[in-house]
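J.: Each chain, written out:
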Amino acid sequence: MSEKEENIETPETAIEDAESPVMTGQAPPPEPTSDTKVQPKEPEPTPKEEPVIVIRGLCKAFKDHDVLRGVDLHVNRGENVVVLGKSGTGKSVLIKCLVGLEWPDSGTIEIFGQDISKLNYSAMNALRVRTGFLFQNGALYDSMTVRENLAFPLRQHKKKMTAEQKEALIMEMLEDVGLEDSIDQMPSGLSGGQSKRIGLARTLILRPEIMLYDEPTTGLDTGTSHEISELICRTKKKYNISSITITHDMPCAKMTADRIILMKDGIVYAEGSYQDLERSTDEWIRSFFY
Amino acid sequence: MQPALNRFQRTRLRVREKRSQWKESLYKAGDLTAFMLRFFREAVKPPYEWREIFYQCYLVGYRSTFLIGLTAFIMGAVLTIQSRPAMASFGAISLIPGMVSVSVVREIGPVITAIICAGKIGSRMGAELGSMRVTEQIDAMEVSAINPFHYLVVTRTIATTLMIPLLTMISDAVAFVGAYLAMNIHDTMTVQHFFQAAMQHLTFVDIFPAIIKTFFFGYVVGIIGCYKGFRARRGTESVGIAANSAVVASSLAVFIIDMLAAQITDLL
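Residue numbers (my numbering), protein chains in the order written: chain G, 168 to 457; chain W, 1027 to 1294.
Derived from the structure by calculation, the hints contain no laboratory data.
Being a predicted model, the structure only gives us computed values, none of them experimental.
Possibly wrong hints are sitting among the right ones.
Unchecked claim - No more than 27 Å apart at the CA atoms, straight line, and that leaves these computed lysine-lysine pairs for BS3-like:
hint: 1; chain 1: G; residue 1: Lys325; chain 2: G; residue 2: Lys403
hint: 2; chain 1: G; residue 1: Lys263; chain 2: W; residue 2: Lys1146
hint: 3; chain 1: G; residue 1: Lys285; chain 2: W; residue 2: Lys1071
hint: 4; chain 1: G; residue 1: Lys285; chain 2: G; residue 2: Lys404
hint: 5; chain 1: G; residue 1: Lys421; chain 2: G; residue 2: Lys333
hint: 6; chain 1: W; residue 1: Lys1071; chain 2: G; residue 2: Lys327
hint: 7; chain 1: G; residue 1: Lys325; chain 2: W; residue 2: Lys1071
hint: 8; chain 1: G; residue 1: Lys333; chain 2: G; residue 2: Lys230
hint: 9; chain 1: G; residue 1: Lys333; chain 2: W; residue 2: Lys1049
hint: 10; chain 1: W; residue 1: Lys1054; chain 2: G; residue 2: Lys421
hint: 11; chain 1: G; residue 1: Lys230; chain 2: W; residue 2: Lys1044
hint: 12; chain 1: W; residue 1: Lys1071; chain 2: G; residue 2: Lys230
hint: 13; chain 1: W; residue 1: Lys1071; chain 2: G; residue 2: Lys326
Unchecked claim - The calculated label-pair distances, taken between Cβ atoms and stated as ranges, are:
hint: 14; chain 1: W; residue 1: Asp1057; chain 2: G; residue 2: Met338; range: 20 to 30 Å
hint: 15; chain 1: W; residue 1: Arg1042; chain 2: G; residue 2: Lys421; range: 36 to 46 Å
hint: 16; chain 1: G; residue 1: Lys421; chain 2: W; residue 2: Phe1092; range: 53 to 63 Å
hint: 17; chain 1: W; residue 1: Leu1031; chain 2: G; residue 2: Asp231; range: 34 to 44 Å
hint: 18; chain 1: W; residue 1: Arg1259; chain 2: G; residue 2: Arg322; range: 24 to 34 Å
hint: 19; chain 1: G; residue 1: Gln352; chain 2: W; residue 2: Gln1218; range: 30 to 40 Å
hint: 20; chain 1: G; residue 1: Lys327; chain 2: W; residue 2: Leu1207; range: 56 to 66 Å
hint: 21; chain 1: G; residue 1: Glu334; chain 2: W; residue 2: Val1104; range: 48 to 58 Å
Even for Gly, the Cβ is constructed at its ideal location relative to N, Cα and C.
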């Protein structure tokens, strides 16, 4: 068993021995069956683990539609958790709640031990600087060049840095994502993959300790998806970043995941390593691996 | 299949719909008011985005000068040409410069400038911020701990508040030139005589309130344009809606302020 597999929470045997799939869809989350391990109500990290994100009983509804119905999740330092699930299961809403783009109806989110619902605006912003977010399309500021896009967060948060230091940092980040030649280009002249790389460089320039990737490979060809996945792995290794990746792309999940969370109808349906989930007998889980 | 509703049930349903529409309208009015007040709170807070303010002033002011100037020139000339027959019938052609100057400075200059800015700048701001909302650029600022209201809304609103009065002054001056040239189509009048006649009728009460109200025009054009864009929903359709409603709402606001200003000036 690899080191990665040893860290998983779902016992391999539990998945292998399982016969009946866990069917959920109603809150509260269903009782765990032998097939999948439904997330514990309160994650209890082992002493070795150092959780940087702890989510407990997260609920969020839009009008009458319950999107999240009691999500429990934790992410350890240096760990990449991949969240999989069909469209509309609340994956993006989940990570948007972590940075305050959406506010949960109930439940708690702790990042670096701080309950974000109790933070004021400036404390929340201080936390946001330590948390990077890569949007689906890169979300580059289209009125600015690539250089200006990268310089913008520095101008706001690193006021003591000299212009030379900023320029050097921008070049370093662009070299990291392999796009140093695009420094003076406008975002409209970049491809989808390049936009995502620049978006990643812009996020990493503030040296976040947590990265949240919202469908980083969606809309990209296989080769570019592979490059982005590699970039995620490289970034994690280089900066020891903890991350949550939302994706539908199984090769990306396989490449980047330390642990996979499967979401269904607003709850965590199953979790484990890629290999464990791939061996599951649950039809719904298996449908991701066809 | 649902059973058909009787007249009472249909009426009740309609009343409920109307009530929810009213509730939504009230909610939007409250939200706009809070947004407008937030500007004053955020505007005094550092950091001051001078670079962005100057850039927006350039976009709002310099880039609109030609359009405003051309419109003002035509406005001055048309006003003179149209009023000439009526004034001639009273034998009061020499009063045309005075009439034009008072009309332009008190009313036509500020309102036409503000309406053109509502169309040109308000729609641009609505579409720009709406598009930034749709493409998650505003969210990207938020998650980078950059206050998007401070960076986007405050800078743009300051620019319109400062530039629309300036554009109005330019517009007034150019309208005088248009009026002078139009005067000389049928009559002969020296520049000195024209401007002397024009200025003779202008008093402090004509100029000062007119300039003051343009600051309010600038503020509403900027803040409403930004509000519509900032509150745009997801989807490309909302960008068009934001641009369109920014023009409609800010034009309406300009007329309302103008009416209030006219009432207040009347008391002076």
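J.: Starting from the hint list further up, note which numbers the structure goes against and sort them upward.
T.: 2, 4, 5, 8, 9, 10, 12, 14, 15, 17, 19
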